[in-house]
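Student: Okay, here's what each chain looks like letter by letter:
Number of protein chains: 2
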Amino acid sequence: MNTQLLLNERPVGFPSEQVWKLEKSEVPEPGEGQLVAKVLYVSLDPAMRGWINDAKSYVPPVQIDEVMRAGGVGKVVSSKHPKYNVGDYVYGMTGIQEYCLTDGHGWVKVDPTLLPLPRYLGTLGMPGFTAYFGLLDVLKPQEGQTVLVSGAAGAVGSVVGQIAKIKGCRVVGIAGGSEKCRYVVDELGFDACIDYKNDNVYKGIKEHCPNKVDMYFDNVGGEILDMALAHINRGARIAICGAISQYNNKENVKGPANYLSLLVNGATMEGFVVIQFTSRYGEAAKQLGQWTAEGKIKSREHIEKGIENFYPTFQKLFSGEKKGKLVLQIAEDV
Amino acid sequence: MNTQLLLNERPVGFPSEQVWKLEKSEVPEPGEGQLVAKVLYVSLDPAMRGWINDAKSYVPPVQIDEVMRAGGVGKVVSSKHPKYNVGDYVYGMTGIQEYCLTDGHGWVKVDPTLLPLPRYLGTLGMPGFTAYFGLLDVLKPQEGQTVLVSGAAGAVGSVVGQIAKIKGCRVVGIAGGSEKCRYVVDELGFDACIDYKNDNVYKGIKEHCPNKVDMYFDNVGGEILDMALAHINRGARIAICGAISQYNNKENVKGPANYLSLLVNGATMEGFVVIQFTSRYGEAAKQLGQWTAEGKIKSREHIEKGIENFYPTFQKLFSGEKKGKLVLQIAEDV
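For the record, the sequence lines run as chains D and G. Sequential numbering from 1 applies to the first sequence in my numbering. Sequential numbering from 1001 applies to the second sequence in my numbering.
Hints listed in this document are in silico derivations from the structure and should not be mistaken for laboratory results. Possibly wrong hints are sitting among the right ones.
[To be verified] Pair by pair, the computed Cβ-Cβ distance ranges are: (1) Arg-234/D - Ser-1016/G: 31 to 37 Å; (2) Arg-1234/G - Gly-13/D: 26 to 32 Å; (3) Gln-287/D - Arg-1234/G: 22 to 28 Å; (4) Lys-203/D - Gly-1306/G: 45 to 51 Å.
Even glycine gets a Cβ: it sits at the ideal position worked out from N, Cα and C.
With the hints as extra help, turn the sequences into a complete structure.
Tutor: Structure representation (structure tokens):
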């Protein structure tokens, strides 16, 4: 049998456990040009919160009774697809289920002998690509500039900061809690990290960015975005990658009250989603793989187990009780 | 004697009449390298509201007991400056006063036989330059794209829209009241104009921008900025030129709650001030002068008279009870 996590109802505010339901069905059989993958790991990302709103966005909303959307890695167990054979390891939008039937559109093979499989959901996957294009193509850092990154211990922010260090920038992170801040500075090599749960972020930015902020990579929105705006340089650039502080609001998103700092500083705020860069994923994967092999980019994954633990794991995305890229293991690779 | 308008106190919210005071002093005499101009016309602009806040910005705040900052045109009445002779007509930051002593830094000569003097405070001055660089350098319109402009009947917005028409765009304005909207469409040649005082702006944008908004030139901020954000295309560009709806807030500016539309659309919001482009004012003046001579750009000025009428004239900036660029005549040119 195949166990699937389906969207059960649309949430208002923070999703309750009833927003999803588990259902059993037959394991599918591939038709011509299709394959079935046994799902091993799925990626849990803040963007999931947006996908279950009934709102126009960069992808259509997940519908009620549809399998919850997720990227995942799996192993092909049956195939009538010309490119994929039984035993191949694959990345694709598997959804949260034990077995995934697909025509392979947008899927790629991954190599478990090169890197642990969960890394293809983190640094060598969408979060890493998001960091790569968001920093290099949207912000375009130059040596000696100051880059501020929120969500600095997260799957995206941790890679943003490490690439910015490779590019010769001063890099200051913002993360929640002293353990994460120590990790960001001691393990990842950021120049400083501000603990938003215990420190005054406004003063922290002022102290650690003595030449002000040339670039801000925003994963969180809300008050931290406003504090960053209060410290930008002339001609600064801000990349809007996410706004995790706002995703569960029951009413309006809090817009950045300091946005007129863009005006007085001739600064730019640019939003992006990684799928704008689909045609260049290969370039990102190659470069991130090389930096990983050279030890210039470090990663960690926080792995929970069992499809039945989706909900408590999802909660950790927003509580911050996780260390590294959040991944749910659906099955053992046997 | 010289009558000067001085900053008397700092306002909270909308400035009361007591924020400024008139004082008499001796008419100044030029020292070596200086000139004295008799001020004929001064420009009243929404940016003035920002200049009297005690806040860091792109220019230092006007200090208490300082002459109120303003651009103006005048006639040289005495000169020990090598470039200027008595009788020359000049543009510069005259301030609101009858006679201005200056070293001429940043001043230019203007020609009253070419254009009426008040136009050098509008289309051929800072508002026109703001429109020119904000549209052509910040937004970079291309033929066939849709440009939305707020404050469309104002000194900046009216020029933005007319240049966008010259560049082959579909141009939709937003202005307050049916008279202004008629002016914008019938006289200035915009394709449509939405009356924010009487129409539903959200529906108006939807109706008049059937291919959505590729570029939005924002002079107003607040809810109209949010409504524009709700209708942007992928890759859209927004220029933040002003936020007149927010300048007199007693508490925080209302940030754009729909700013995550930048994210899902891969769109950009860029702030600017015209002084970023100081080195290219000559280019703008030449081109705007040519378009004016060719009848491709039309302008009108709303002229009030008398330095003692500064305050009721200033009020018109925010009430919208004006037709065209707001100018205060300080003296007759005799």
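Student: Indicate whether the distance between the beta carbons of Arg-234/D and Ser-1016/G respects the range 31 to 37 Å.
Tutor: holds, 33 Å
Student: Hint says 22 to 28 Å; check whether the CB-CB distance for Gln-287/D and Arg-1234/G agrees.
Tutor: Because 26 Å falls inside the window, the suggested range holds.
Student: CB of Lys-203/D to CB of Gly-1306/G, is that within 45 to 51 Å?
Tutor: Given about 49 Å between the Cβ atoms, the range holds.
Student: Could you tell me whether the CB distance from Arg-1234/G to Gly-13/D stays inside 26 to 32 Å?
Tutor: Check passed, 29 Å falls within 26 to 32 Å.
Hint compliance for this structure: every hint is met.
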